[in-house]
Amino acid sequence: MTTEATLPSTSASPTARQVWTRTRGVVLALVLLLVAAVAIAVIRSDSQHGTLDPRSVDQYGSRAVAELLADRGVSTRVVTSLAEAEAAAGPDTTLLVAVPDLLTHGQQSQLRSGTADSGGRTLLVAPGSSSVERLAPGVVANPATSLDSTLSPDCALPAARRAGTADTGGIRYTATRPDADECYPSNRLATLVRVPDRSGDGDTVVLGAPDILYNDTLDEQGNASLALQLLGSRPHLVWYLPSLSDTAATDPDDEKGFFDLLPSGWLWGTLQLFIAAVLAALWRARRLGPLVPENLPVAIRASETVEGRARLYRKANARDRAAAALRSTTRTRLAPLVGVPVTQAHAPEALLPALSAHLHSPGDGQAMHALLFGPPPGDDTALISLADQLDALEREVRRP
Amino acid sequence: MALTGRAALLAALGSLPVGIWDPGWTGILAVNAPLAVACACDFALAAPVRRLGLTRSGDTSVRLGDTADVTLTITNPTRRPLRAHLRDAWPPSTWLPGTEVAASRHRLTVPAGERRRVTTRLRPTRRGDRQSDRVTIRSYGPLGLLSRQGTHTVPWTVRVLPPFTSRKHLPSKLARLRELDGRTSVLTRGEGTEFDSLREYVPGDDTRSIDWRATARQTTVAVRTWRPERDRHILLVLDTGRTSAGRVGDAPRLDASMDAALLLAALASRAGDRVDLLAYDRRVRALVQGRTAGDVLPSLVNAMATLEPELVETDARSLTATALRSAPRRSLIVLLTTLDAAPVEEGLLPVLSQLTQRHTILLASVADPHIAGMATARGNTESVYEAAAAAQAQAERHRTAEQLRRHGVTVVDATPDDLAPALADAYLALKAAGRL
Numbered sequence: 001m002t003t004e005a006t007l008p009s010t011s012a013s014p015t016a017r018q019v020w021t022r023t024r025g026v027v028l029a030l031v032l033l034l035v036a037a038v039a040i041a042v043i044r045s046d047s048q049h050g051t052l053d054p055r056s057v058d059q060y061g062s063r064a065v066a067e068l069l070a071d072r073g074v075s076t077r078v079v080t081s082l083a084e085a086e087a088a089a090g091p092d093t094t095l096l097v098a099v100p101d102l103l104t105h106g107q108q109s110q111l112r113s114g115t116a117d118s119g120g121r122t123l124l125v126a127p128g129s130s131s132v133e134r135l136a137p138g139v140v141a142n143p144a145t146s147l148d149s150t151l152s153p154d155c156a157l158p159a160a161r162r163a164g165t166a167d168t169g170g171i172r173y174t175a176t177r178p179d180a181d182e183c184y185p186s187n188r189l190a191t192l193v194r195v196p197d198r199s200g201d202g203d204t205v206v207l208g209a210p211d212i213l214y215n216d217t218l219d220e221q222g223n224a225s226l227a228l229q230l231l232g233s234r235p236h237l238v239w240y241l242p243s244l245s246d247t248a249a250t251d252p253d254d255e256k257g258f259f260d261l262l263p264s265g266w267l268w269g270t271l272q273l274f275i276a277a278v279l280a281a282l283w284r285a286r287r288l289g290p291l292v293p294e295n296l297p298v299a300i301r302a303s304e305t306v307e308g309r310a311r312l313y314r315k316a317n318a319r320d321r322a323a324a325a326l327r328s329t330t331r332t333r334l335a336p337l338v339g340v341p342v343t344q345a346h347a348p349e350a351l352l353p354a355l356s357a358h359l360h361s362p363g364d365g366q367a368m369h370a371l372l373f374g375p376p377p378g379d380d381t382a383l384i385s386l387a388d389q390l391d392a393l394e395r396e397v398r399r400p
Numbered sequence: 401m402a403l404t405g406r407a408a409l410l411a412a413l414g415s416l417p418v419g420i421w422d423p424g425w426t427g428i429l430a431v432n433a434p435l436a437v438a439c440a441c442d443f444a445l446a447a448p449v450r451r452l453g454l455t456r457s458g459d460t461s462v463r464l465g466d467t468a469d470v471t472l473t474i475t476n477p478t479r480r481p482l483r484a485h486l487r488d489a490w491p492p493s494t495w496l497p498g499t500e501v502a503a504s505r506h507r508l509t510v511p512a513g514e515r516r517r518v519t520t521r522l523r524p525t526r527r528g529d530r531q532s533d534r535v536t537i538r539s540y541g542p543l544g545l546l547s548r549q550g551t552h553t554v555p556w557t558v559r560v561l562p563p564f565t566s567r568k569h570l571p572s573k574l575a576r577l578r579e580l581d582g583r584t585s586v587l588t589r590g591e592g593t594e595f596d597s598l599r600e601y602v603p604g605d606d607t608r609s610i611d612w613r614a615t616a617r618q619t620t621v622a623v624r625t626w627r628p629e630r631d632r633h634i635l636l637v638l639d640t641g642r643t644s645a646g647r648v649g650d651a652p653r654l655d656a657s658m659d660a661a662l663l664l665a666a667l668a669s670r671a672g673d674r675v676d677l678l679a680y681d682r683r684v685r686a687l688v689q690g691r692t693a694g695d696v697l698p699s700l701v702n703a704m705a706t707l708e709p710e711l712v713e714t715d716a717r718s719l720t721a722t723a724l725r726s727a728p729r730r731s732l733i734v735l736l737t738t739l740d741a742a743p744v745e746e747g748l749l750p751v752l753s754q755l756t757q758r759h760t761i762l763l764a765s766v767a768d769p770h771i772a773g774m775a776t777a778r779g780n781t782e783s784v785y786e787a788a789a790a791a792q793a794q795a796e797r798h799r800t801a802e803q804l805r806r807h808g809v810t811v812v813d814a815t816p817d818d819l820a821p822a823l824a825d826a827y828l829a830l831k832a833a834g835r836l
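Protein sequences, first through last, are from chains A and B.
Heads up: the first sequence at position 255 corresponds to 255 in my numbering, and the numbers run straight through without jumps.
Take any residue in the second sequence, note its place counting from 1, add 400, and you have its number in my numbering.
Please keep in mind that the hints were generated in silico from the structure rather than gathered at the bench.
Check each hint, because a few of them may be wrong.
Just so you have them, the derived chain A footprint on chain B, three or more residues with Cβ under 8 Å [what the hints assert, rightly or not]:
1. 413-421
2. 488-494
3. 547-554
4. 639-652
5. 705-713
6. 725-737
7. 785-793
Across the chosen pairs, the derived CB separations fall in these ranges [unchecked claim]:
8. L687(B) to E294(A): 18 to 28 Å
9. G498(B) to P348(A): 53 to 63 Å
10. R521(B) to L291(A): 15 to 25 Å
11. V298(A) to G405(B): 46 to 56 Å
12. L429(B) to S130(A): 14 to 24 Å
Cβ atoms here follow ideal geometry from the backbone N, Cα and C, with glycine treated the same way.
The whole structure should be built from the sequences, with the hints applied where relevant.
Have a look at this one:
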């Protein structure tokens with residue numbers, strides 16, 4: 001075994017240390033990038049985190065108003081699904097819908113039908129034009145928002161009268177029902193609308209801006225008073241924060257998708273097959289060593305220039321040149337056969353008599369002159385026949 | 401690390417239990433976790449590739465067209481048996497197209513602490529040096545699910561020599577040479593100009609060759625024998641410029657020239673002449689000088705092995721100067737170059753007189769049989785134009801050859817198959833005429 005021990009290592013694969021040395025720069029860069037991304041995300045997400053959440057103490061959270069309500073004996077419960085919100089609706093309950101625009105049309109209709117005539121109060125925080133039509137029929141949102149945020153009540157609603165000026169400036173609404181209370185107008189369009197239910201003593205309140213509920217602005221103007229009066233009219237407050245994970249987001253009356261109809265065994269079996277496909281791809285992707293490069297030799301055919309010249313003749317219809325070349329080469333070949341020196345091959349007076357003398361059946365001397373020394377052929381057919389005739393003449397001369 | 405098809409197949413079969421018994425993440429985990437564990441075990445049990453010892457032995461040179469065997473010895477110093485696929489990688493032109501994969505892959509098993517040999521059979525398709533690339537080994541575990549893969553570098557060079565296909569002409573040319581030498585049993589009187597020896601007269605000898613003075617000293621009639629000159633210098637000049645790159649048939653002109661040069665060198669070294677080689681385009685590509693008769697052919701073949709045509713115009717002036725420097729004595733200079741009109745008229749002709757002053761010049765050029773075929777094409781317009789162009793080209797070649805002949809150069813213009821015998825004949829004719 002001593003010989004094996006002395007064998008020099010021929011391995012060319014990188015060792016684990018080399019792999020680490022090579023990749024640590026990239027790994028370090030990736031880690032830095034990840035850390036930076038997380039840091040930026042944490043910093044940037046601060047301001048919008050927990051908006052309108054009664055558990056949040058952030059700038060835009062609503063913990064303060066929930067605490068104030070608790071002091072006054074109003075219990076606050078947070079729900080995130082439509083089913084819970086519907087179940088909670090009742091005559092002794094205020095339902096606050098935090099961001100009505102996040103609900104789908106189907107959910108909005110469902111919520112409206114579930115809460116209408118429940119006898120309780122429904123408070124919609126800054127619904128857009130499409131949501132307000134479904135959730136509070138009889139109220140229409142104006143596309144132009146209010147310029148001022150602080151407005152004075154200017155209406156007969158007792159809560160608003162007591163609260164005085166408040167930060168309700170946001171989306172502006174018009175009520176089409178005569179029994180609706182329109183408060184806090186900005187340019188004659190209200191930013192707070194109370195629509196009583198058609199039966200019972202329930203009502204729907206539409207609020208143009210969420211500012212009065214924020215921790216940050218609760219203590220300004222009459223915000224706190226307005227918020228407490230609007231939310232504290234019933235002993236229970238249900239705070240509905242619409243979430244994307246709500247299963248009711250898919251409309252129940254929609255057609256079931258292809259995947260809902262498949263038995264789950266097929267789906268999971270396909271997932272396992274997909275894993276197998278990935279393994280197969282990895283199996284096929286790994287090569288047994290890299291390709292070997294090699295300089296290729298030059299590949300030029302030696303006859304390329306001649307072929308090019310032939311194509312040029314053809315393109316230019318150079319029948320004169322072609323015929324001259326063919327005749328000249330035939331004359332050069334014929335001259336030694338009939339005993340004329342090659343230097344005299346292109347002289348008709350030397351070649352033609354010798355040729356006629358040599359031939360077994362001397363033809364027309366004029367025709368032979370035209371064949372070997374005549375004018376260039378007029379068209380391609382004549383050129384082809386000229387070549388054939390020259391061949392025939394040569395065969396005739398060569399015949400013993 | 402490399403997966404095998406078996407692992408993928410097992411994963412695919414796992415979709416049945418997942419789909420039938422336990423659809424869900426538990427089922428997926430129950431199938432894939434044991435598979436992953438099995439793969440890990442397999443990987444751990446496979447012999448490590450890094451610690452294998454590899455050495456090479458075998459052929460270092462091969463004629464183009466023959467096969468060379470290069471042996472790789474794999475030593476397994478580990479305590480685990482090695483079951484492996486091995487790829488002995490060489491450049492693509494080391495094998496016939498289409499056979500690379502089969503020829504380079506080997507499957508082998510080396511028990512722990514033992515060594516095994518695998519032989520890679522090379523069949524190069526081009527001249528030159530072939531250097532082995534990496535040896536890649538994929539070592540499988542007992543289950544054949546996951547393998548270790550690694551590479552080793554075990555350098556080896558196989559020099560691919562010119563095929564020298566024209567050596568089949570050598571016996572006939574040597575017989576002709578012996579006739580010239582006056583050593584044949586036919587007892588024809590040797591042609592040539594150099595006095596060789598006296599020998600006893602046998603009936604049939606030319607009476608004119610009786611040396612009367614020697615006869616007077618001896619009791620028998622003595623005749624003089626003559627032999628061609630010996631110990632002449634021959635300089636083979638290979639033009640490796642752009643004109644040698646053009647392909648005639650399947651090989652560049654340079655290869656046909658080399659073949660002819662090798663036959664001439666073999667013949668001349670047997671005839672007792674000294675043969676040198678110069679390969680030149682704008683600088684010296686190869687120079688073989690002052691070799692003994694027994695050594696000249698191997699050194700020529702070796703020098704020619706790595707020559708490749710260069711895509712530059714040959715500098716005829718410096719080529720001439722180098723040739724004159726390489727041939728200080730009166731020599732036969734064999735120029736293996738082209739007869740194309742432009743390079744000859746602009747390059748060679750102006751400086752030809754410097755060469756012809758002291759030396760005998762033999763110029764050999766490779767003709768293209770394809771052009772000869774084109775010249776006889778008939779039947780349609782295209783063929784006739786091709787015939788005309790080919791006739792024109794041939795006429796130009798003849799004209800150039802005539803010009804060279806007027807300068808006293810012997811010109812050989814033949815197709816690749818005929819060039820080597822034609823050049824040998826021209827050499828023998830010059831030798832017979834005593835013009836060396």
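So which of those numbered hints doesn't the model satisfy?
6, 11, 12
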